[in-house]
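Undergrad: Sequence:
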Amino acid sequence: MRAHIKELVSQALGYLKRDGEFELDAEPSPEVERTRSREHGDYACNIAMVLSRRLGMKPRDLAEKIRSRLPDSKRVEKVEIAGPGFLNFFASAHYLKVVVRDILRQGEDYGRAPAGSREDVLLEYVSANPTGPLHVGHGRGAAHGASLSAILAAAGHNVQREYYVNDYGRQMDILAVSVWMRYLELAGERIEFPANGYRGDYIFDIAREVRSRHGDDLRHHGADVAEGLPPDEAAGGDSEIFIDALIARAREILGEAGYEACFRAALETMVDDIRADLDDFGVTFDRWFSERSLEQSGALARALERLRAGHWLYEKEGATWFRAADLGDDKDRVVVRDNGRTTYFASDVAYLLDKFERCPGTALYILGADHHGYVPRLKAAARGLGVDPDRLEVQLVQFAVLYRGTEKVQMSTRSGSFVTLRELREEVGNDAARYFYVMRSHDQHLDFDLELAKSRASENPVYYIQYAHARIRSVFRKLEETGHRYNAALGETAIDRLDSDHEQDLLRAVARYPEVVESAAERRSPHLLSHYLHDLAALFHAWYNNSHFLVDDAELRNARLNLTAAIGQVLRNGLGLIGVHAPEEM
RNA sequence: GCCUCGGUAGCUCAGGGGAUAGAGCAGCCGCCUCCUAAGCGGCAGGUCGCAGGUUCGAAUCCUGCCCGGGGCACCA
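For the first sequence, this note's numbering assigns the number 32 to the initial residue and increments by one for each residue that follows.
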C-alpha cells in the first residue's frame with residue numbers, strides 16, 4: 032500500500048512536470064509514512080513541504096496541485112491537505128475488504144515476501160565459547176538472532192544461520208586441563224585445582240564421563256603432575272603462567288592421544304549441551320562452524336596469504352602483524368604469535384573470508400556489547416581481504432540484567448554459580464523468555480523481571496498477547512456450541528458492516544502487518560514486531576469487551592468472525608517469528 | 001584518554017526530521033445475568049539530560065558539556 036501511494040504521487044509529479052507547471056532537475060522519491068492519528072488518514076506524504084522551497088511555492092498550494100493530478104485508485108478513498116502541507120491518504124473500504132480476504136486466503140504466508148526477493152544474509156549469532164553452559168546473557172543474543180533470522184526470512188532474504196564454535200584456543204586447553212584435574216581428583220589423587228581452571232559442577236560430570244570411558248588410563252600421581260611447575264596464585268605465583276605450564280605438562284604426560292581424550296570429551300559434551308539447550312529454546316542453526324576446521328581445511332593459511340599478497344602483513348619481534356591501523360583500526364593486530372601459533376583474530380579473518388565466499392550478500396554478526404571493540408578490526412580485515420566493508424554488518428546486543436521484582440539478581444561467573452539460560456527457561460518458560468528478550472531495542476539495556484515474566488495477568492505482555500489469541504479460538508469453539516456455522520464467504524460480502532471505530536482500527540492494524548515485518552527486517556529490530564503484536568492484542572481486547580461477535584444477524588456475525596479469524600492469523604504469524612506459541616486456550 | 005550504547009511520565013520503555021510526544025506498570029475512579037474480568041473504560045502524570053547549531057519544521061540530525069552501562073590483550 033505504501034509503495035502504491037508513492038507510485039501515485041510520483042505519477043502526479045510526472046504529469047505536472049510534463050505540463051510545464053514546474054521544473055525538477057532530479058526526480059524526488061516521495062516519502063510516504065503511516066500516520067499516527069486517524070484524523071490524518073492512513074498514510075501521509077510530505078513531498079509538498081520538501082519541494083516548496085525549491086519551486087518557490089507555498090507548501091499547501093503545491094500540495095493542492097499534486098492532489099489535482101493524482102490518478103484514481105480503488106485503494107484510496109480520499110486525499111486531504113492538512114497541517115503545514117501534508118497530503119493525507121485515506122484507505123478505501125475496498126482496500127480493507129481485500130486485506131481481510133487476503134489474510135484468510137494466505138494464512139501463514141500472510142506477511143511473507145517471496146523467498147530470495149532480497150539479498151542473502153549470513154547471520155552468525157550466539158557463538159559462545161563451549162567452555163560452560165549458556166548463561167542469561169547468551170540467551171538474549173540467541174533470542175535476538177533467532178527472531179531476526181525468522182523476520183529476515185519472512186521479509187524475503189535467504190538466510191544462513193551459523194554458530195561459530197571456538198574449539199581451537201587456549202580457553203579450550205584450560206577446559207581440557209580442568210577436566211583432567213577433576214578426573215584425577217575422582218581417581219583419588221591429591222591435586223591443587225588451578226586458580227584459573229573452570230570450577231562449575233559440569234566439569235565433574237565430564238570428568239566422570241572420561242573416567243567411565245578410560246578408567247585409570249589417564250591417571251598419574253598428583254605429585255608427578257605438579258613437580259617442577261611454577262607456583263599458582265594461591266602460592267604467591269601468577270595464575271596465567273601456572274595454567275599454561277600445567278597445560279604443557281598435561282600434554283607431555285598424557286601424550287597426544289590422552290590429552291585429546293580429555294579435550295574431545297570436554298568439547299563434545301559442551302557443544303552437545305549448548306545445542307540441546309538452544310534446540311529446546313527454539314533456536315537453531317544451519318551450520319555449526321568449527322574454528323579448528325579453518326586450519327585443517329587450509330582456510331586459515333589461505334586468508335593470511337591473501338593479506339600478505341595485499342602487503343598488509345609484516346614481521347616484528349618474532350610475530351606476524353596485520354596493518355589494521357592503516358585500514359581504520361586503532362592499532363595493528365598480531366595474526367601469528369612469536370611462538371608460531373595463530374591468534375584468534377587470524378581465525379576470524381579466515382572465517383570472514385569464508386563467509387564472503389559462500390554468501391554473496393551481507394555477513395551479519397550479532398555480538399554482545401562487550402565485543403564492540405572488535406568491529407573496527409573486522410572491518411579492517413574485510414578491507415585487507417579486498418572485500419567491500421559494507422558487506423560486513425555488526426549488531427551489538429546490550430546486556431540483560433535479571434530482576435526479581437525490584438531486586439537485582441546477582442550473577443557471578445567466577446564462582447560457577449551463575450544463572451544459566453536453562454535455569455531461566457525452566458523458571459519463566461520458553462515463551463516468556465523469548466518475548467522478554469526481544470521486547471526492547473537490542474541497543475537498549477534490558478531489565479528482565481522474572482516475576483513479571485511469570486505473571487499470568489495483563490501486566491505481562493506475553494500473556495496478554497497469548498490471551499488475545501486464546502480468546503479468538505474460544506470464540507470459534509463457542510460458535511460451534513451455539514449451533515451456528517461459520518460462513519466466510521458471507522462475511523466477505525458483508526465486510527462493510529464493520530464500521531465501528533474498533534473494527535476500523537483493527538482492519539488498519541492487520542493491514543499494516545507486512546510493513547511491520549519489512550521494517551523490522553530492514554532495521555534489524557525484532558522489538559518493532561513485539562510492540563506491534565501487543566498493540567494488536569490491545570485493540571482486540573478492547574473490541575471484544577465492547578461488542579459481541581456471535582450475534583443473530585448472520586451477515587454481521589460472519590463479517591466479525593472474518594475479522595476475528597484474520598486477527599488470530601496475524602497474531603499466530605507474528606508470534607511465530609519471535610518463537611512464541613499461540614495457545615488454543617489458557 | 002579513546003571507542004561504544006543509553007539519558008523521554010514516579011518506574012520500565014516506544015517514537016530516531018513532520019501535525020496536540022505514546023504504551024505498560026505503579027496511583028485514583030468505574031465496568032462481569034453476556035463469546036475467558038488472565039479482560040475493558042476513565043482520570044491524573046512531561047523543562048524529551050544541559051547548551052549551542054543546521055532546517056520551513058528538532059525528542060529525532062550536528063558540535064560541545066554533564067551523568068550512567070560496557071569496552072580498549074601476542075585472552076577466547
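Rather than coming from a laboratory, the hints here were simulated on the basis of the structure. Any given hint could be a false lead.
Claimed, not checked - Simulated pairs of lysine-lysine, DSSO-like, Cα-Cα distance not exceeding 27 Å:
id, residue 1, residue 2
1, K439, K347
2, K109, K96
3, K509, K439
4, K128, K96
5, K89, K37
6, K128, K509
Stated by the list, open to error - Here are the in silico distance ranges between beta carbons for each label pair:
id, residue 1, residue 2, range
7, R67, H572, 17 to 23 Å
8, N518, H572, 23 to 29 Å
9, P614, N576, 37 to 43 Å
10, W319, N518, 37 to 43 Å
11, S243, E482, 56 to 62 Å
12, H515, V129, 55 to 61 Å
13, R318, S505, 19 to 25 Å
14, A266, P391, 55 to 61 Å
15, E490, D303, 37 to 43 Å
16, E490, V302, 55 to 61 Å
Note that the structure is a prediction, hence the values are computed from the model and not measured. We put the CB at the ideal spot given by N, CA and C, even for glycine.
Undergrad: Would you list, in rising numerical order, the hints stated earlier that this structure does not obey?
TA: Checked against the structure, the hints that fail are numbers 1, 3, 4, 9, 10, 11, 12, 13 and 16, while the rest are satisfied.
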